[in-house]
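J.: Residues per chain, in single letters:
Protein chains: 4
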Amino acid sequence: MAIVLGPNRYGKAENRLLRVYRDSPRHDIRDLNVSTSLWGDFADAHVRGDQAKVLPTDSQKNTVFAFAKEHGVGEIEDFALTLGRHFVADVDSVDGARIDVEEYGWERIEVDGRGHDHAFMRTGSGIRTTSVTVVEGGAWVVAGLKDLTVLKSTGSEYAGYLRDGYTTLPETRDRVLATSLEARWRYASPDVDWSESYAAVRTMLLSTFAATHSRALQQTLWEMGRHVLEAHPEIAEVRLTAPNRHHFAVDLTPFGLANPNEVFHAADRPYGLISASVLRDDAPAAGSAWDA
Amino acid sequence: MAIVLGPNRYGKAENRLLRVYRDSPRHDIRDLNVSTSLWGDFADAHVRGDQAKVLPTDSQKNTVFAFAKEHGVGEIEDFALTLGRHFVADVDSVDGARIDVEEYGWERIEVDGRGHDHAFMRTGSGIRTTSVTVVEGGAWVVAGLKDLTVLKSTGSEYAGYLRDGYTTLPETRDRVLATSLEARWRYASPDVDWSESYAAVRTMLLSTFAATHSRALQQTLWEMGRHVLEAHPEIAEVRLTAPNRHHFAVDLTPFGLANPNEVFHAADRPYGLISASVLRDDAPAAGSAWDA
Amino acid sequence: MAIVLGPNRYGKAENRLLRVYRDSPRHDIRDLNVSTSLWGDFADAHVRGDQAKVLPTDSQKNTVFAFAKEHGVGEIEDFALTLGRHFVADVDSVDGARIDVEEYGWERIEVDGRGHDHAFMRTGSGIRTTSVTVVEGGAWVVAGLKDLTVLKSTGSEYAGYLRDGYTTLPETRDRVLATSLEARWRYASPDVDWSESYAAVRTMLLSTFAATHSRALQQTLWEMGRHVLEAHPEIAEVRLTAPNRHHFAVDLTPFGLANPNEVFHAADRPYGLISASVLRDDAPAAGSAWDA
Amino acid sequence: MAIVLGPNRYGKAENRLLRVYRDSPRHDIRDLNVSTSLWGDFADAHVRGDQAKVLPTDSQKNTVFAFAKEHGVGEIEDFALTLGRHFVADVDSVDGARIDVEEYGWERIEVDGRGHDHAFMRTGSGIRTTSVTVVEGGAWVVAGLKDLTVLKSTGSEYAGYLRDGYTTLPETRDRVLATSLEARWRYASPDVDWSESYAAVRTMLLSTFAATHSRALQQTLWEMGRHVLEAHPEIAEVRLTAPNRHHFAVDLTPFGLANPNEVFHAADRPYGLISASVLRDDAPAAGSAWDA
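Just so you know, the sequences run in chain order A, B, C and D.
Residue 507 is where the first sequence starts when you use this note's numbering, and the numbers rise one by one after that.
Residue 507 is where the second sequence starts when you use this note's numbering, and the numbers rise one by one after that.
Residue 507 is where the third sequence starts when you use this note's numbering, and the numbers rise one by one after that.
Residue 507 is where the fourth sequence starts when you use this note's numbering, and the numbers rise one by one after that.
By construction, these hints were calculated from the structure, which means they are not laboratory data.
Errors might be hidden in some of the hints.
Unchecked claim - Stretch-level coverage of chain B by chain A, calculated; a stretch enters the list once three of its residues show a Cβ under 8 angstroms from a Cβ in chain A:
hint: 1; region: 572–578
hint: 2; region: 611–624
As the list claims (entries may be wrong) - DSS-like mimics (lysine-lysine), calculated; alpha carbons at most 27 angstroms apart, straight line:
hint: 3; chain 1: A; residue 1: Lys652; chain 2: B; residue 2: Lys652
hint: 4; chain 1: D; residue 1: Lys652; chain 2: C; residue 2: Lys652
hint: 5; chain 1: B; residue 1: Lys652; chain 2: C; residue 2: Lys652
We treat Cβ as the ideally placed atom computed from N, Cα and C, and that holds for glycine.
If we strip away everything but chain A, and leave its shape as in the complex, we get (with noise of 0.2 angstroms):
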């Protein structure tokens, strides 16, 4: 018997970094948050501290900052690939990268009725995700979104489940349904217009969540993935997480007054939690599309 190394990884996490493009009077920006993750010929390091094929996550912080110049931000799918191919590409002890990006959202402030040249205001609902991973000879992209917090004040029931001796739960046709959505989608192929696409699945599926009579949170989800691959060739398989953030009724007969579904305590622990992945059978395989 011996003890080896096993799987591992290291990177820089959560550079946090805002991209100005100003090259006329009306600017544009971008705020990412960039984590980068590193495998490859590092077992020296561990197992001896020899740190000859090691390169600094503080380079790796730098290469985030330095690229967001040479090569602007772009599309975050983009951007992603570009880190992780010159860190498989130029690095030799390195034999795969993923790259994880955040973006969060911002908008124009108004004034006079316009949006304003220079001045902008966080928007709101979901921020916006990539993950990339990068090997030598192949890449994967998985976009996504999370943080999306959305809500259904009827259209929803909860009846029909399995009881068993510690059911008590009373039967309901009409219940609050609310999540904070994370979606996240595999490309078949990354040539792909990745903002138009985006912007299409979370259209999507926001009026599945909206348009979808629900009988449960998991037909919500399969509901979404089903539609996002009916109109996205380029998609192979969805993967939706989301916590059921549940809305009880208040009993307020004690004070005579009744309550049909107008007033509710919104809990935080526990809730229930739902993950589900939707894909097309003949899905090219995911490689390690998704490893954490």
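Keeping the supplied structure of chain A fixed, place chains B, C and D upon it in accordance with the hints.
T.: Only chains B, C and D this time, still in chain A's reference frame:
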């Protein structure tokens, strides 16, 4: 010398209330975080452990939810006034009440080009707040907003400041100015169209932030307060608190790159923190309007 | 009517300072979060954008780190006094300074039965705090702690309270009492052995929480404050704030199980929130000691 | 091509359970955060909205609280095994269960030199965790800890690393090394004295961190894992994740001060992030032990 009880308060914090209005198929929702705090004749509860005059915080919570049904939520300022007046008028031992409300914004999800009847998405920038103080014979209303994250990519400088032996900061005529604004304003009377006033103040804060060429965050705060007071005779005082969310231009010269204010690192801590009050010199007395 | 500038402050918040004492192989460390805030003759910075009298927050940050070397950290109350007195005495435009410090505790990691010379582990319960206010001709020292999480599994009741039309809470003679205590105490003079006083107060707060049979959280706070003042003539006033972290006994009767206060659900929100001051009736005036 | 349902799970996350043992006046408490997650024959719930085979997450929550009474909490690994085996054995549609538990430590408050019978204080460093996976015919137990914050004020260097065109980091033979450790270890079998093993592993992780002269965080992680495996034949694999919480020596030369590694700024973001697995080359297969 004796040891005595000083100022004291108690209440129920962070009642998370969702109110659904479903009188027609086109629902409306209001999403609030309500905190109550009472003071009065409660020395015995402290000194002798005698609760005879203490309305439990659990009852205060029940009141919040029941009033949301009985009276509706309406404007959050009115909801807070109604709650505060109830506690002061109807509970003998209560001399004063402070009701704090946060309101989270939601917009309708768009489906086929139209806002959906009962599906909603959290909106982004800024949380609406109110803090209402009610005592026997009076009431103060403070409205506000917080977490309004704004940024200017130019139109901000910092120069001409005092230099001491610990000053190393270089002057700049062009920097990024970013903050997460908290603004609160005290009304001269409770006879106001709260929503209209709120919307107008928010718009003015944003447009002033955008339009002011800033020689310091202090100046921006002053201009915000001044513009609000000039346009809103119903407001007696504005208080503003703004962290200076530093964005540092990254030195790219080691990589042979110029950085003419295009690539920034968004820092977390430390941050500048600026607060200021702007008020009318003939403003009615603040009473306990601002008491935390 | 004119619009005027009211109270205003500015400073550098959350300077995260680690000070290592390495005069011998047996190192000591001090881990602080230091915030500065100044007020004085700063109207021009607001109203005219003129920074000539404004010491940059960047310089304040530099001062914090430089003083940690020049003067050492010592007691955090002394460190804050030194910083505050410097700003008031040495910067003409400054009339007053407020210095807030949080200290995070560390203990030595044990190796072979002995605390290691230079390896440390964060300790747990509670963060030590101080808030020092310096003006020309005076200073106030408030010491304290926060995030001290404590719980009693019995020895707490809640009964005999006022009942109104919104009261449904059943009385109990035995409940769990849990809180995350914040305590702050104002010294009558700055001539104190700060660490010794802090340690003794912390011990007394804990032992009083434990030993008091609690008829309400209010009573527990009073007893804490009273005991501290009786034992510590150097302290003029104690202020306590305590969220009532509700633990609800779970109803297990649907599953044929009794629950004699053995199984609880720890709830997040809402929570009771109790605050009280306990002071000497001949305490010296508080000045601006407590100003936020 | 068809669109199909891929891997999916559901459960109740973050059941906050306090269990009081009060068989004698000297109480014991256990404070847990329990999350359940189930998979199996649930396609109909997604694709057709049919809940007939779905045990509600509310029932899972009830089971957690009821089992805390029926079976007691005992070791958290056993509690998780009991819960997981119940769901797999007793609910036909369930093929597998993952139970995650966090345990928060408490110690007795000292009164008159003795730990109090029923008053407790949260302890500090580190949260104990377990993740148990149960499938028909097998079970895997992963134990661990997280949020164990440790720091070395010397005995750490970083030099000899790979330099590319984006490398500016100066080499150092003496730096501060700080991290918030997350460690998880997989047991070879479920026949272990869990508490004894946990305590010994925690001690070894700490002492190895302290005693290892670190040439990189990678090396420290390897040494931790290696030492644990050498001493604990019951453990098959250790996985470690450690953010490198950078402490930067502050340049005090502008103020005429040397800084021989005495004054540091503790930075927030970005941070290095290192993860590694250390395992036996003859370790039993991991099955789905690590699945998130």
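J.: The structure should be examined with respect to each hint, and the outcome stated for every one.
T.: Outcome of the hint check:
Only residues whose beta carbon comes within less than 8 angstroms of a beta carbon in chain A count, and the region 572–578 of chain B has 4; three or more means the coverage holds. Remark: the region 611–624 of chain B is confirmed as covered by chain A, as 8 of its residues place a Cβ nearer than 8 angstroms to a Cβ of that chain, reaching the required three. Proximity of A/Lys652 to B/Lys652 is assessed by CA-CA distance (about 22 angstroms); at most 27 angstroms being required, the pair is judged to hold. The suggested pairing of D/Lys652 with C/Lys652 holds, with an alpha-carbon distance near 22 angstroms, which does not exceed 27 angstroms.
In summary, the hint linking B/Lys652 to C/Lys652 is supported, as the alpha carbons are separated by about 24 angstroms, within the 27 angstroms threshold.
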